[in-house]
Amino acid sequence: MARFLLKRLAGMAAILGASSILVFGALQLAPGDPASFLLSGRSATPEAVAAIRAQYRLDDPFPVQYLHWIGGVLTGDFGRSVQFRTDVGGLIASRVPVTLTLIGMAFALTMVLGLALGVWSATRPGAVDKAVLVGSSVAVATPSFVLGYVLIAVFSVNLGWFPSIGAGEGLADRLHHLALPAVALALTFAGVLARVSRTAMIDQLGQEYVTVARGRGVPERAIVRRHVLRGAMTVTLTYGGLLVPGLLVSTVLVETAFGVNGLGQLLQYSVTVKDFAVVQALTLLTVAVFVLANLVVDLLAPLADPRVRLGAVS
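Per full-length UniProt numbering, residue 1 is the first one in the sequence shown, and the count goes up by one each step.
I should point out that these hints are in silico values taken from the structure, not numbers from a laboratory. Every residue, glycine too, gets a C-beta built ideally from N, C-alpha and C. Keep in mind that a hint or two might mislead.
Unchecked claim - Pair ranges (Cβ atoms, derived):
hint, residue 1, residue 2, range
1, A222, T272, 24 to 32 Å
2, A13, L159, 46 to 54 Å
3, G71, L133, 21 to 29 Å
4, A13, D77, 31 to 39 Å
5, V249, R225, 27 to 35 Å
6, E220, L133, 20 to 28 Å
7, L171, D77, 16 to 24 Å
8, R225, P97, 30 to 38 Å
9, Q268, G17, 56 to 64 Å
10, D173, L285, 22 to 30 Å
11, L285, G160, 49 to 57 Å
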């Protein structure tokens with residue numbers, strides 16, 4: 001187990017290192033002078049241009065620039081935002097609570113709705129199964145921001161049940177404001193999870209141990225709850241590991257549609273105004289979440305299926 005963990009941590013470090021080089025190197029690939037790119041075409045005095053070049057060490061060789069930047073990242077210094085004129089780390093930290101709340105709500109909705117529909121579909125062949133497949137297909141094919149606008153039109157404009165913009169103040173108000181964005185964010189992923197869990201359940205229902213249990217008179221509900229669900233959990237857990245980073249990426253569209261002042265909206269705005277220090281930090285953060293989520297899945301998979309542990313050991 002210790003050897004496996006060390007290998008995974010080494011792999012994480014290698015992926016993050018390679019990703020950091022690509023993320024930082026993107027500035028060098030921008031057309032024209034990097035200083036002009038960072039200034040977004042705005043006219044600036046020679047002193048302002050010189051300040052930008054000094055801030056980003058643009059006159060240094062690329063390896064020196066990168067080592068200076070990654071050294072700052074490792075100590076929590078992501079540089080300064082050109083647009084907001086403040087530390088990038090503090091700027092991101094101020095948006096984290098809103099986005100974490102939104103992702104947490106969407107994650108809970110996705111897991112509950114996706115698993116329930118998947119189990120229901122697998123154990124109810126016929127009309128129910130077809131209805132779930134059609135509904136999940138529609139959810140998967142519809143972009144989150146389109147779902148968001150539909151939810152705003154129905155539940156904010158027509159019914160007036162939920163606010164259509166902002167993140168609210170205080171826990172209760174924030175949950176109320178983020179309810180529609182969370183639903184819009186969760187529906188697409190819930191549709192995918194419903195299909196994934198349905199396929200895994202059907203595969204387990206066709207296994208020999210299920211036939212034996214039925215022959216012994218074990219109630220169907222007990223078979224599903226005690227055995228089939230556990231056997232299908234490995235596949236579901238793998239998807240769950242990709243769910244959090246997937247939700248993080250999708251917040252860009254949903255937060256923009258609902259005017260939620262979180263990390264997704266910050267990334268969208270920073271890309272628009274070419275605030276490269278913020279884009280670099282958020283991109284690297286997203287990669288780190290992906291890598292960490294995969295590590296968590298690898299560690300939790302043996303708990304769902306002991307055969308995974310034996311395979312890892314061998």
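Could you check the structure against the hints above and give me the numbers of any it violates, in ascending order? Those not satisfied are hints 1, 3, 4, 7, 9 and 11.
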